[in-house]
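Enquirer: Chain order of the listed sequences is V and Z. Reading the first sequence from the start, the letters are residues 111 to 408 in my numbering. Reading the second sequence from the start, the letters are residues 8 to 347 in my numbering.
None of these hints come from the bench; they were simulated from the model. Here the structure is a predicted model, which means the values were calculated and not measured. Take the hints with a grain of salt, since some may be wrong.
[Stated by the list, open to error] Sample of chain V residues with no beta-carbon within 12 angstroms of chain Z, all distances over it, derived:
| id | residue |
| --- | --- |
| 1 | K121 |
| 2 | A125 |
| 3 | D161 |
| 4 | R181 |
| 5 | A261 |
| 6 | R267 |
| 7 | L270 |
| 8 | L317 |
| 9 | M332 |
| 10 | D397 |
[Claimed, not checked] Each pair of labels, with its calculated beta carbon distance range:
| id | chain 1 | residue 1 | chain 2 | residue 2 | range |
| --- | --- | --- | --- | --- | --- |
| 11 | Z | I170 | V | F159 | 41 to 49 angstroms |
| 12 | Z | E63 | V | G171 | 37 to 45 angstroms |
| 13 | V | I163 | Z | Y260 | 55 to 63 angstroms |
| 14 | Z | D42 | V | P167 | 45 to 53 angstroms |
Quick reminder that beta carbons are idealized off the backbone N, C-alpha and C, glycines included.
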Amino acid sequence: MISIKTKKTNKKWAAKLDGLCRSWYKFSRNKLSVFGLIIVLTVIFIALFADKIAPFPEHAGAFVDLGNAGRPPGEGYLFGTDQYGRDILSRIFFSFRGAIIMGIGVLAVAVPVGVFLGLIAGYFQGSLIEPLIMRTVDIFLALPPLVLALAVSAVLRPTLFNSMMAVSFAWWAWYTRLSYGMASSIRNEFYIQSAELIGASRLHILLREILPNCLGPIFTKMTLDMGWVILIGASLSFVGMGEQPPKPALGTMVADGAKYIPHMWWLAVFPALAIMIIVLGFNLLGDGIRDMLSTEEV
Amino acid sequence: MKSRHFIIHRLAWSVFVLVGLSILIFFIARVIPGDPARMALGPRAPQWAVDNLVKELHLNEPIYVQYWLWLKGVLHGDFGTSLVTRRPVSADIKEFFPATLELIVVAAIIETVGGILLGALSARYSGSWFDSLVRLIAYLGVVTPAFVWAIIFMLIFGYVWPILPILGRIDSNLTVPPTVTGLMTIDSLLAGDFEAFKSAFLHLLLPALALAMGGMSQAARITRASMSENLSRDYVGSEMAAGIPMKLIILKYVLRPSLIPTVTIIALDIAAMLGNAFLVELVFNYPGISRYGINAMLTKDLNAIVAVIMVIGLAFVVMNFIVDLIVAYLDPRIRLQGGK
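Can you make the complete structure from the sequences, with help from the hints?
Expert: Here it is in structure tokens:
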């Protein structure tokens, strides 16, 4: 009896492993996707261990060393130093933390809220709740997300947390629209009708029957959005509505550095490149995941 | 008959979205801060000043009365007075919006022409070195934020190879042409001042290019994809078999259906430019509505914030309406279904 059971689980695991290998094969066929994955993993690694990797961890705060102020990139300071003598490279490493927290935090709020509302609106079609949710979505999508996020953070105190709230506020509607579209087509499938027939609860149908079939596109969008959210976060801190100095944030560094162009160009250019690379990494990864999850056979 | 139905349908939708947007923005500015008057004036303002502002903004009334009073003002073109400069906000908007409009029009032209041209050429010569180059630039263009382009262009064309002006709207030693339309290039032409026109136009180029880069890349990618798809359709093959020159096939039969997704993307991006203009104007110190809006946000000038967001929302909704009309013109299937 027991041996049969282990055999079964073994088989299950083997099938899972096989599936994983297939997915990885499909994913890794495109070298750009692998490149994106490497960028993303590197950025996360740097963010986690910034205090160990950064050459000058103390430069992440209010640190002044006027003797080394404005050093061009080179010996000792790979990306040069800023107007207070702080190492740009170390500050970029530490600002990855805020960027990653921003991305994860916003998605952690916007995705569950957005997806759940979309599932409800898609499943309860014809009821009053559908137009209520979807017309609200229309209104939220009538403004560029950056403008909406700016408007909300303008009335809040400028902190990393508040800017995360502001971006989430501007972001959930995209997920509602996405899951609404999928839920409204899935609800007509036979297995949903069967589940209704045997008296499954509505919550069960929403979360156990419809949701799992929406996860692929949602997951793809989340990966792509990590990059865009980080970009919006950087834009907010660029205008001074994110993490406050002396804590480093990519946008703030670009904005401050822009004042010293062209003589101390490295102040703005390296943080700007860092933003570019993060967004590029998540984009390549997201494209790769989309290709991987697409049903098209290899 | 059908297309009239379509237009009315979309128009009603636009009005609905605008009303919803105004409620949303109004509530953001009045409800989130807790005590808007105190926030606008700062913690050190005397109590009597706060009380005066409460009266001026009707904060002692219920929120729906406040909204109604505000809406009545807005419909008469009155956004209230700035809480910081005490100037009427509408006058400020009238002064700064044309500058942004001018910037966005130039950016939109660059984006449309550049995006379609690059995408079409890249699809026509797919697989060539030109195609690879366009795809690489397009990928970089999509992932690079507008303010990063702004800084890169500023460094390259302002300092390393100084061929273009980088700050403001016009050379400081030229006289500003009298304001007629508020668009400096047109005003200088109306005044017959070609030197001012040249200067104003050159000042527009870099910020416009920085604004356009992202959308242009996206437009090029979309055009390339949809054109490659259409080029592999059977009708192209039969037209080629009939001996119609390739140039004619592309211009007359392939381009129009290929442009439908492009137009949608470009128009949405032009509307989104209003958001990105916020950052680009800041970099180039360009006196447009976005720079005005950022200042309003930093000084917590509630009336000005609401006005700026509403103007941007209005522009966004109008753009969407225009896109729907253009797409309906390009794609008869949408037009004939009456907007369903």
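Enquirer: For each hint, tell me whether it holds in the structure or not.
Expert: Hints versus structure:
1. K121: holds, 42 angstroms
2. A125: holds, 36 angstroms
3. D161: Per Cβ check, V/D161 is outside 12 angstroms of chain Z; nearest 27 angstroms; holds.
4. R181: Holds, because the least Cβ-Cβ distance between V/R181 and chain Z comes to about 19 angstroms, which exceeds 12 angstroms.
5. A261: Violated, since 5 angstroms does not exceed 12 angstroms.
6. R267: Answer for V/R267: violated, closest chain Z Cβ roughly 9 angstroms.
7. L270: holds, 17 angstroms
8. L317: holds, 29 angstroms
9. M332: holds, 17 angstroms
10. D397: violated, 10 angstroms
11. Z/I170 to V/F159: 41 to 49 angstroms: Since Z/I170 and V/F159 have Cβ atoms about 44 angstroms apart, the given range 41 to 49 angstroms holds.
12. Z/E63 to V/G171: 37 to 45 angstroms: holds, 42 angstroms
13. V/I163 to Z/Y260: 55 to 63 angstroms: holds, 57 angstroms
14. Z/D42 to V/P167: 45 to 53 angstroms: violated, 40 angstroms
In summary, the structure is inconsistent with hints 5, 6, 10 and 14 from the numbered list given earlier, while agreeing with the others.
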